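Enquirer: Residue strings, one per chain:
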Amino acid sequence: MLKELESKLKAIDQELEHMADNSHSPAQVLMRRQLERNRKELLEAIAKSLTPADRVYLARHPKRPGVRDYISYLFTDFLELKGDRGCKEDESILGGPAFYKGIPVTVIGQCKGRNLEENLKYNFGMPGPEGYRKVIRLARQAEKFDRPIITFIDTPGAYPGLEAEERGQGEAIAGCLSVLSDIRVPVIAIVIGEGGSGGALALGVANTIIMLENSIFSVLSPEGFASILWKDSSRSDEACELMKLTAGDLLDFGIIDYVIKEPPGGAHRDPGQVFQDVAILLEQEIRKLTAVGKEELTDARYKKYREMGKL
Amino acid sequence: MNPFKERKEHLFTLKTMQRKGKQVKKVKKQEQISESLLVNCPKCTNSYSKATLSKLYYVCPNCGYHYKISAFRRIKLIADPESFVEMNRFLTGNNPLSFPGYREKLNVLQDETGLVESVITGTATIKKIKAVIAVLDSRFLMGSMGVAVGEKITRAVEYAAEEKLPLIIFSASGGARMQEGIFSLMQMAKTSAAIQRHGKKGLLYISVLTNPTTGGVTASFASLGDIILAEPGALIGFAGPRVIEQTIKQKLPEGFQSAEYLLEHGFIDKIVERKECRDILALILQLHEKRNEITC
Ligand SMILES: [Zn+2]
Numbered sequence: 001m002l003k004e005l006e007s008k009l010k011a012i013d014q015e016l017e018h019m020a021d022n023s024h025s026p027a028q029v030l031m032r033r034q035l036e037r038n039r040k041e042l043l044e045a046i047a048k049s050l051t052p053a054d055r056v057y058l059a060r061h062p063k064r065p066g067v068r069d070y071i072s073y074l075f076t077d078f079l080e081l082k083g084d085r086g087c088k089e090d091e092s093i094l095g096g097p098a099f100y101k102g103i104p105v106t107v108i109g110q111c112k113g114r115n116l117e118e119n120l121k122y123n124f125g126m127p128g129p130e131g132y133r134k135v136i137r138l139a140r141q142a143e144k145f146d147r148p149i150i151t152f153i154d155t156p157g158a159y160p161g162l163e164a165e166e167r168g169q170g171e172a173i174a175g176c177l178s179v180l181s182d183i184r185v186p187v188i189a190i191v192i193g194e195g196g197s198g199g200a201l202a203l204g205v206a207n208t209i210i211m212l213e214n215s216i217f218s219v220l221s222p223e224g225f226a227s228i229l230w231k232d233s234s235r236s237d238e239a240c241e242l243m244k245l246t247a248g249d250l251l252d253f254g255i256i257d258y259v260i261k262e263p264p265g266g267a268h269r270d271p272g273q274v275f276q277d278v279a280i281l282l283e284q285e286i287r288k289l290t291a292v293g294k295e296e297l298t299d300a301r302y303k304k305y306r307e308m309g310k311l
Numbered sequence: 001m002n003p004f005k006e007r008k009e010h011l012f013t014l015k016t017m018q019r020k021g022k023q024v025k026k027v028k029k030q031e032q033i034s035e036s037l038l039v040n041c042p043k044c045t046n047s048y049s050k051a052t053l054s055k056l057y058y059v060c061p062n063c064g065y066h067y068k069i070s071a072f073r074r075i076k077l078i079a080d081p082e083s084f085v086e087m088n089r090f091l092t093g094n095n096p097l098s099f100p101g102y103r104e105k106l107n108v109l110q111d112e113t114g115l116v117e118s119v120i121t122g123t124a125t126i127k128k129i130k131a132v133i134a135v136l137d138s139r140f141l142m143g144s145m146g147v148a149v150g151e152k153i154t155r156a157v158e159y160a161a162e163e164k165l166p167l168i169i170f171s172a173s174g175g176a177r178m179q180e181g182i183f184s185l186m187q188m189a190k191t192s193a194a195i196q197r198h199g200k201k202g203l204l205y206i207s208v209l210t211n212p213t214t215g216g217v218t219a220s221f222a223s224l225g226d227i228i229l230a231e232p233g234a235l236i237g238f239a240g241p242r243v244i245e246q247t248i249k250q251k252l253p254e255g256f257q258s259a260e261y262l263l264e265h266g267f268i269d270k271i272v273e274r275k276e277c278r279d280i281l282a283l284i285l286q287l288h289e290k291r292n293e294i295t296c
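Residue numbers (our numbering), protein chains in the order written: chain P, 1 to 311; chain C, 1 to 296.
No lab work stands behind these hints: they were computed from the structure.
Among the clues, some could well be false.
[Said to hold, decoys possible] Here are some chain C residues pointing at chain P (derived, C-beta under 8 Å):
no., residue
1, P96
2, M178
3, G181
4, M186
5, M188
6, A189
7, S223
Note that this is a predicted model, so its numbers are computed, not measured.
For glycine and all other residues, C-beta sits at the position ideal for the given N, C-alpha and C.
Starting from the given sequences, assemble the full structure and let the hints guide the process.
Expert: Pasting the structure below:
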């Protein structure tokens with residue numbers, strides 16, 4: 001459904017572009033207006049009719065704003081820091097200190113590429129243990145210098161590779177979970193795209209969890225889920241429905257704290273608006289959390305996860 | 001070839017415990033039958049009777065293969081007799097995603113295994129030292145971690161922290177429980193956070209990895225032990241071998257993700273044969289008792 005509407009939209013966009021140079025006659029102006037009206041209606045129809053599978057598609061959209069876009073809009077003087085100090089630099093994790101409205105903070109996020117070359121560099125946003133150990137290093141550094149941590153989650157999951165296993169993928173993720181669980185500074189996590197399994201949760205132990213409307217957060221990718229439960233990864237659309245992985249579902253479950261609305265058709269259609277909304281919420285949360293005592297901060301974080309799925 | 005036949009026996013012993021009375025006769029008959037049954041070793045295909053294996057800690061005398069054993073049996077092998085006191089035994093989860101058929105599946109497994117969930121928690125003494133113990137049982141939905149498992153483990157860890165007790169967790173798990181979706185994922189954070197708090201009090205946590213320990217369990221509490229032990233030959237990893245092979249499009253080397261492989265790569269402290277496990281655990285517990293006086 002979404003893909004159908006998107007291709008119609010693309011056709012209109014092409015027509016509009018084509019008209020741009022020689023659209024001065026009254027008839028052409030009229031036609032242009034009509035096309036723009038159609039475009040708007042189409043976008044609204046898209047926004048209204050999104051299924052969970054559509055949201056998965058949007059969450060993975062190659063044009064969707066990534067962590068670097070958020071960093072350049074939201075922060076000033078971002079200083080990228082590299083390396084896990086043990087083995088190597090994992091480019092799929094981007095992090096370092098920056099200013100947020102004059103306050104020093106630590107930013108950590110998962111990077112995806114927009115093309116093949118970038119994707120090879122960022123390993124399709126799938127960190128290895130070195131990436132997670134870099135997260136631990138940067139988080140401890142943030143604690144030492146009393147900087148709030150802001151994480152941007154966007155990964156299909158931790159990389160399931162031979163070297164990743166050899167160097168302790170599980171141990172590295174477990175390390176992130178335990179370190180972030182009691183770090184003595186505010187932690188704010190924002191799911192901007194895909195939040196896939198433990199590899200996403202490793203950046204997701206936070207005082208405040210925010211999700212973009214069309215981002216997803218799940219125990220496993222829908223394909224993996226279908227393949228485990230039904231031995232058939234092509235049933236992923238069905239899995240999307242069952243898994244309840246949309247921002248709306250997670251808000252209803254009480255697992256996340258806020259959903260940021262996206263423009264019709266997804267964040268990539270008007271990134272500026274999304275950045276602005278993230279900025280407003282971020283300011284509110286940083287103000288709130290920096291006013292809280294350190295003990296209270298870690299206790300609140302403990303309690304938050306303690307009560308997930310309360311029995 | 002079925003190393004899991006013992007579950008029937010447990011089902012009946014459990015039902016006896018629960019109901020007593022009429023069931024008892026049936027149990028005895030069942031036990032006799034299963035004791036004389038021959039079980040093939042999955043590794044060397046020699047066959048042994050259950051009675052023989054039970055005397056040998058369920059380890060193949062020919063090739064050393066460690067059979068998967070139930071949580072009950074595990075506790076019997078390491079704890080002082082009669083010392084185990086179970087906690088939160090009847091704690092069960094909900095069906096948070098309303099996953100079709102999930103409740104029914106749990107009911108069937110409860111009947112088949114005599115377990116209420118895939119973990120048993122409680123306190124016991126090992127050579128007179130008291131500890132909190134949690135044991136996952138791979139017969140119950142692959143020992144997967146849903147809300148109830150996360151909750152039972154967290155309560156056990158919190159109890160250990162409150163009572164200043166050491167903690168021992170035997171893992172055997174396929175990871176997160178898919179049917180509980182995101183709630184299952186969040187148990188990784190919950191259990192890890194609890195263990196972090198227990199550790200901050202200066203208390204000991206021994207993690208024992210048994211076959212298999214994978215996924216979200218490896219990526220949370222199982223990897224956070226002050227001391228990490230593993231049984232010989234146990235499969236231990238984050239991603240499953242099949243997923244890795246599909247990703248890298250090549251065959252994995254022999255012994256990849258085995259306990260021996262992890263030892264070599266620095267992720268576990270010691271491989272412990274089942275028959276030595278009780279002694280080693282007791283020694284570790286003794287080494288971590290507070291003692292201020294030189295005694296000899
Ligand atoms: Zn054998």
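Enquirer: Compare the structure with each hint and give your call.
Expert: Status of each hint after checking the structure:
The closest approach between the C-beta of P96(C) and any C-beta of chain P is roughly 6 Å, which is under the 8 Å cut-off, so the hint is satisfied. Because the beta carbon of M178(C) sits about 6 Å from the nearest beta carbon in chain P, less than 8 Å, this interface hint is met. Contact between G181(C) and chain P, as hinted, is supported at the beta carbon level, the nearest pair being about 5 Å apart and thus within 8 Å. Nearest Cβ of chain P to the Cβ of M186(C): about 4 Å, under the 8 Å cut. The hint holds.
A distance limit of 8 Å between C-beta atoms decides the matter here; for M188(C) the minimum to chain P is near 6 Å, and the interface restraint holds. A cut of 8 Å between beta carbons decides the hint on A189(C): the least distance to chain P is about 5 Å, and the hint holds. Contact between S223(C) and chain P, as hinted, is supported at the beta carbon level, the nearest pair being about 4 Å apart and thus within 8 Å.
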